[in-house]
Amino acid sequence: MASEAPDYFQPEGGLVLTHLLIVRDVDRSREFYQRVLGATVVRERRPAILRFHNSYIVINDEGGPTDDKPDVRAQAPPDSHTLSSAMNIRVTDVRAVYEQWRSRGGEFLTAPKDHGVEIRCYLRDPDGYLIELGQGTGILAEMGQT
Numbered sequence: 705m706a707s708e709a710p711d712y713f714q715p716e717g718g719l720v721l722t723h724l725l726i727v728r729d730v731d732r733s734r735e736f737y738q739r740v741l742g743a744t745v746v747r748e749r750r751p752a753i754l755r756f757h758n759s760y761i762v763i764n765d766e767g768g769p770t771d772d773k774p775d776v777r778a779q780a781p782p783d784s785h786t787l788s789s790a791m792n793i794r795v796t797d798v799r800a801v802y803e804q805w806r807s808r809g810g811e812f813l814t815a816p817k818d819h820g821v822e823i824r825c826y827l828r829d830p831d832g833y834l835i836e837l838g839q840g841t842g843i844l845a846e847m848g849q850t
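Quick note: the sequence shown, position 64, residue 768 per our numbering, numbers continuous.
None of these hints come from the bench; they were simulated from the model. The reader is advised that the hints may include incorrect statements.
Computed beta-carbon distance windows for the label pairs [as the list claims (entries may be wrong)]:
| # | residue 1 | residue 2 | range |
| --- | --- | --- | --- |
| 1 | Thr722 | Pro830 | 13 to 23 Å |
| 2 | Pro782 | Ala815 | 24 to 34 Å |
| 3 | Glu803 | Arg777 | 37 to 47 Å |
| 4 | Lys773 | Asp797 | 33 to 43 Å |
| 5 | Thr786 | Lys817 | 32 to 42 Å |
| 6 | Arg749 | Asp775 | 24 to 34 Å |
| 7 | Glu716 | Arg750 | 43 to 53 Å |
Glycine included, each C-beta is placed from N, C-alpha and C at the ideal position.
Construct all of the structure, not just a fragment, from the sequences and the given hints.
What follows is the structure in structure tokens.
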């Protein structure tokens with residue numbers, strides 16, 4: 705059951721960016737994002753919508769073309785080793801979030817690695833989507849945004 709009133713269709717400032725995931729099992733994926741990442745379920749299914757801090761994750765089933773995309777088929781990734789899209793989540797303390805999500809059952813590829821301008825690590829969701837968890841340590845200064 706949804707735990708907060710959905711404001712999905714009334715984005716602050718007139719716009720909201722969401723990340724759509726096409727999955728094989730909506731319930732399994734919704735549970736993963738709620739349990740491991742701590743997202744809040746706004747809508748259970750068709751599509752499932754989860755609020756994740758200042759954004760939304762939309763989860764929907766695979767399926768055939770629709771009237772507004774007549775030649776497009778929605779499919780989950782063919783395997784977890786082919787990268788075509790990744791969710792990138794920036795935090796202030798990557799090691800703390802890494803430990804929290806691991807304690808909730810998140811399976812990371814490696815522990816956080818320091819790459820000079822950022823510290824990052826990756827985990828996969830149940831369909832193989834890659835999720836990058838990172839902390840900027842110098843990338844903003846490099847971009848002139850300190």
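Okay, the hints, checked on the actual structure:
1. Thr722 x Pro830: 13 to 23 Å: 19 Å, holds
2. Pro782 x Ala815: 24 to 34 Å: 28 Å, holds
3. Glu803 x Arg777: 37 to 47 Å: Because 39 Å falls inside the window, the suggested range holds.
4. Lys773 x Asp797: 33 to 43 Å: 40 Å, holds
5. Thr786 x Lys817: 32 to 42 Å: 22 Å, violated
6. Arg749 x Asp775: 24 to 34 Å: The hint (24 to 34 Å, Cβ to Cβ) holds, given that arginine 749 and aspartate 775 are roughly 25 Å apart.
7. Glu716 x Arg750: 43 to 53 Å: Since glutamate 716 and arginine 750 have Cβ atoms about 25 Å apart, the given range 43 to 53 Å is violated.
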